[in-house]
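J.: For reference, the chains in residue letters:
Protein chains: 2
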Amino acid sequence: MAEKKLVEQITPMDTDFAAWYTDVVKKAELIDYSSVKGCVILRPYAYSIWENIQSIADRLFKETGHENVYLPLLIPESLLQKEKDHVKGFAPEVAWVTHGGSEKLQERLCVRPTSETLFCEHYAHIIQSWRDLPKLYNQWCSVMRWEKTTRPFLRGREFLWQEGHTIHATAEEAMEETLRMLDIYSDIAENYLAMPVIKGQKTESEKFAGAVATYGIECMMHDGKALQSGTTHYFGDGFAKAFEIQFTDRDNTLKHPFQTSWGITTRLIGGIIMTHGDDSGLVLPPRVAPVQVAVVPIAQHKPGVSEKAAEVTAALKAAGVRARLDLSDQSPGWKFAEYEMKGVPLRLELGPRDIEGGKCVLAARTGGKEEVSLDGIAARVSEKLEDIQKELFERASANLKSKTSTARTLDEMINIAASRGGFIKTMWCGSEECEEKVKEVTGGMKSRCIPFEQEKIGETCAVCGKSANTMLYWGFQY
Amino acid sequence: MAEKKLVEQITPMDTDFAAWYTDVVKKAELIDYSSVKGCVILRPYAYSIWENIQSIADRLFKETGHENVYLPLLIPESLLQKEKDHVKGFAPEVAWVTHGGSEKLQERLCVRPTSETLFCEHYAHIIQSWRDLPKLYNQWCSVMRWEKTTRPFLRGREFLWQEGHTIHATAEEAMEETLRMLDIYSDIAENYLAMPVIKGQKTESEKFAGAVATYGIECMMHDGKALQSGTTHYFGDGFAKAFEIQFTDRDNTLKHPFQTSWGITTRLIGGIIMTHGDDSGLVLPPRVAPVQVAVVPIAQHKPGVSEKAAEVTAALKAAGVRARLDLSDQSPGWKFAEYEMKGVPLRLELGPRDIEGGKCVLAARTGGKEEVSLDGIAARVSEKLEDIQKELFERASANLKSKTSTARTLDEMINIAASRGGFIKTMWCGSEECEEKVKEVTGGMKSRCIPFEQEKIGETCAVCGKSANTMLYWGFQY
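Protein sequence lines, in the order shown, are assigned to chains A and B. To convert, note that position 44 of the first sequence is 43 in numbering that gives the first Met the number 0; the numbers rise steadily by one, no gaps. To convert, note that position 37 of the second sequence is 36 in numbering that gives the first Met the number 0; the numbers rise steadily by one, no gaps.
Any given hint could turn out to be false.
[As the list claims (entries may be wrong)] In silico EDC-like links for lysine to aspartate or glutamate, alpha-carbon gap of 20 Å or less:
#1 A:K36 / B:E106
#2 B:K368 / B:D386
#3 B:K61 / A:E50
#4 A:K26 / B:D131
#5 B:K134 / B:E66
Don't read these hints as lab results, they were simulated from the structure.
In isolation and in its complexed conformation, chain A is listed as follows:
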């Protein structure tokens, strides 16, 4: 009954996907709204997922030689304006600080939408010789973009992210870094968040403001929309020239260095929700779940039950499993529904009869219950968590596959876009006009990326019919 009631609070996915999403983020206690539009509160459960993602990413960054720094929150207007494409891309959507205390500032300062300009100013100070290169810096912080429409995790006026900013002596080295970081993002998405990705390069019209080339990982959500889940940018020496960053190379000549930047954000949490969630709520991949196992005692008032449950929980924790024992006075049914809603991967039930038989019940959030021995329970639980992690990735891969279509003509594209969405693969001539055309006739579908894994699915552009050598992914996007 309690279970039923809780689940009823969530709009079914098929009825209204957007309402389902909003219900889940609220009922699973991920966010609360604040009185500043577009700025949400990350509650402990959401922040803990972010901490897990952070700790994985931070380790991978440090293992590849990156160091963390912290740069200011505010950027003077004149500094933002130094690189012309960059300012054109960002100025329309920044928040401006105009007063400090009771005084009007001489120059407006924007709240950082991204920190390329500040990193460039800093690099100009600290880089003189080839000995000072490369600098492989990263920053964990929040950024602000004054978006018109917002949605928790997916598009916010403020969001948490990491921004890597690196600077190198040669173009080759910078390009290698750009692609290395894309691989790391794809590793994080696939192997930790269980979100399969399409890796590729963004088209000219979709690249980052100021970049020579932008690369991204694209994921497919339950509702057939794509989620850009991480991007890396190669800047060439454009920023270095605009900000007058120069170094004396080994050959004693002055040169401009080459730069990259790359970022992932709390948007990944939105990706997890829409990749794995179901009509009972959240489903979390074990590797980033704040609670991996909820231990729920049955008839906990009976002698020995809560003690045994505590003992099992301690054994799980000692084995490095994130286990939570729930001894609250709520009913088991209420607890089952609560942990289901919160997407806890595994539930361990333990009652007097189980204890007598030296057993307990493991119920996976992905379905299926089994009775297992309490002997070696930690090993069995760890194994089961790995199974669930794998199962989630396989399900998501199957979903991505089933939501990927191939089209050879614009009519086919329009039909697929209108009927089932998802990714559409087509050949493409390379022109921006064809991208514009598709956007117009489908009501907003855009190029996702030129995938690294190219397939020759035809000879001509699906849009204009001209000769084409490039395969492109298209899709509606978050």
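Guided by the hints, dock chain B onto chain A, whose structure is given.
T.: Positioned in the frame of chain A, the structure of chain B alone reads:
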């Protein structure tokens, strides 16, 4: 020679303490200035110290049941104004966002100087019953205060910190929390940063805007000035009333809950510099040093030297020691000076003759060199690091003691303040007028705290001569 040259770049402490400080933060590559006044860049070395402090504090917070959250950067003016003492304290020093993109906002938003108001708004949403209490929340973020005069780490327009905000069913529980967190701060300062503290309560005139009571830990710097290094606040139910936070208690009546907040900041890095540093630069306590041991090979071009140095470094790392091997082409003398400047606690020198004898040289940043066997080097190094940690705390304790005086009259206070500064202990009648008087006649000396460890050093207030039961610490402050 190289060593001499580097050290010469630092102004001696006794010549000009402020110039010494500025030299150290620049030359040890802790900070760089940005084009926004009062907002500095934390370079990798400084940020890494902060990460170490964070990781210690975060563990201690979580062990005591606290959870991390993230609240918005911006606070609407109307929200800031809800608690009258609080807004009076902060409004004069906040930065105001007035425009989003090209549009003027209907209501100004301030960049958070602290987040009590946002936490209260959130608590009002999520707290209904006694079951929802306590909430023990913490947030790691940056805050902004539009200060007139700024100094790296010590007073910045933007700084990094953590702010704990908790809410409880009873006043007793909230007060316990306030004092528990003060103990945790004192643990961090003394046992990790090697900074001895005076624990106590702030006077009425020095307490936090909106608090019923403020507690703090006070540290003593090399130059005789005090550094307030962490504060905890008990709010009673004042904020709860202002923000209409109520809960249904077990007895079914509606009640206002009780709150606390507490914070430590990157100011602690300034404290480390001014507690342990010397005329050769930074001196870092091993427990928070980014690099605990610098391994410097001597004659590294000779066969086997760099290999052996790498082997030793790997053994240290495997034992959990933060070791860095320096194989750069700089001379050993240059490297010695560099790591001395950067305050690396221990240097391990290793040349062909050492290797032949199965030995190496350990040089402590606190002084002293010893030849030790390479057998069991990791254990010896760990031991030595603990010795240095202890030695730093003892030195700092001796400094605190030597810079603490007792006074019985205002004249004595004036003399001590003018001649040697430091802490002055006096009896105090409890009046704000006496605090004002002292500030006036000494040129700025303020009450530091009413220490928990009271001593009866007289019967009368050193300032007004009236009967007094309270001992107070005074000092010039950062």
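J.: Does E106 of chain B lie within 20 Å of K36 of chain A when you go C-alpha to C-alpha?
T.: Since the Cα atoms of K36 of chain A and E106 of chain B sit roughly 12 Å apart, the hinted pair holds (cutoff 20 Å).
J.: Is the hinted pair K26 of chain A and D131 of chain B satisfied, with a Cα-Cα distance of at most 20 Å?
T.: 15 Å, holds
J.: Checking one constraint from the list: CA of K61 of chain B to CA of E50 of chain A, max 20 Å. Satisfied?
T.: 13 Å, holds
J.: Do the alpha carbons of K134 of chain B and E66 of chain B lie within 20 Å of each other, as the hint requires?
T.: Since the Cα atoms of K134 of chain B and E66 of chain B sit roughly 8 Å apart, the hinted pair holds (cutoff 20 Å).
J.: Mind checking the alpha carbons of K368 of chain B and D386 of chain B for me, to see if they're no more than 20 Å apart?
T.: Holds, at about 13 Å.
Checked against the numbered hints given earlier, this structure breaks none of them.
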